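Asker: Sequence:
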Amino acid sequence: MGEHHVARDTRKVLESHLRRRSNGDLESDLAENYADDVVLLSSEGVHHGHDGVRLLATILGSYVSSADYHYQQLLVEGEVGMLQWSASGAGVRIHDGADSYVVRGGLIVAQTIHYSTRPTDDTSN
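To convert, note that position 109 of the sequence shown is 1100 in the working numbering; the numbers rise steadily by one, no gaps.
Think of the hints as simulated: they come from the structure by calculation, not from any bench. Source: prediction; values computed, not measured. Here a beta-carbon is modelled for each residue, glycine too, at the ideal position from N, C-alpha and C. It is possible that part of the hints are untrue.
To be verified - Just the calculated beta-carbon pair ranges, DEER-fashion:
hint: 1; residue 1: Ser1013; residue 2: Thr1103; range: 17 to 27 angstroms
hint: 2; residue 1: Ser1053; residue 2: Asp1000; range: 28 to 38 angstroms
hint: 3; residue 1: Ser1057; residue 2: Asp1087; range: 17 to 27 angstroms
hint: 4; residue 1: Asp1000; residue 2: Pro1110; range: 38 to 48 angstroms
hint: 5; residue 1: Gly1082; residue 2: Lys1003; range: 19 to 29 angstroms
hint: 6; residue 1: Gly1069; residue 2: Asp1112; range: 13 to 23 angstroms
hint: 7; residue 1: Val1071; residue 2: Arg1010; range: 34 to 44 angstroms
Claimed, not checked - Straight-line Cα separation of at most 16 angstroms, EDC-like style, residue types lysine to aspartate or glutamate; simulated pairs:
hint: 8; residue 1: Lys1003; residue 2: Asp1059
hint: 9; residue 1: Lys1003; residue 2: Glu1023
hint: 10; residue 1: Lys1003; residue 2: Glu1070
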């Protein structure tokens, strides 16, 4: 499976990841962009593999849907990428999303995830 990923650089992998997630297509995102043994670090702890991605996506999805995201900036240098994002859902706002990625061999092998939720009627920054 890995052969066709090798030519993809970090930016192409991450752009594919964001496109598929925007479309709500988690399973295609996993198959195309994530290593089977990916390591994920977040406030939820350390998770591994596609099941870890599914769990963290489910938790985030309990706050906002895939259509609610706004990607502010994607920075890429070598095999490392960082995404700044925000989202607004039903009664919830995320203003400080920050994910970092390590991409090797055309697949995401590590990801850190940070965000905090606020009620949409909270006007403090």
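Asker: All the hints need checking, so say for each whether the structure fits it.
Answerer: Taking the hints in turn, this is what the structure says about them:
A beta carbon spacing of about 20 angstroms between Ser1013 and Thr1103 agrees with the range 17 to 27 angstroms that was offered as a hint. Separated by about 33 angstroms at the C-beta atoms, Ser1053 and Asp1000 satisfy the suggested range of 28 to 38 angstroms. At about 19 angstroms, the CB distance of Ser1057 to Asp1087 agrees with the hint of 17 to 27 angstroms. Distance hint check for Asp1000 and Pro1110: the Cβ-Cβ separation is about 39 angstroms, which falls inside the suggested range of 38 to 48 angstroms.
The hinted range of 19 to 29 angstroms is not satisfied by Gly1082 and Lys1003, whose Cβ atoms lie roughly 36 angstroms apart. Checked against the given bound of 13 to 23 angstroms, the beta carbons of Gly1069 and Asp1112, roughly 42 angstroms apart, lie outside it. Separated by about 20 angstroms at the C-beta atoms, Val1071 and Arg1010 break the suggested range of 34 to 44 angstroms. Pair hint Lys1003 plus Asp1059 does not hold up; C-alpha atoms about 22 angstroms apart against a cutoff of 16 angstroms.
Simply put, Lys1003 and Glu1023 have alpha-carbon atoms about 11 angstroms apart, close enough for the 16 angstroms limit, and the pair holds. Using a Cα cut-off of 16 angstroms, the hinted pair Lys1003 and Glu1070 holds, with the two alpha carbons roughly 11 angstroms apart.
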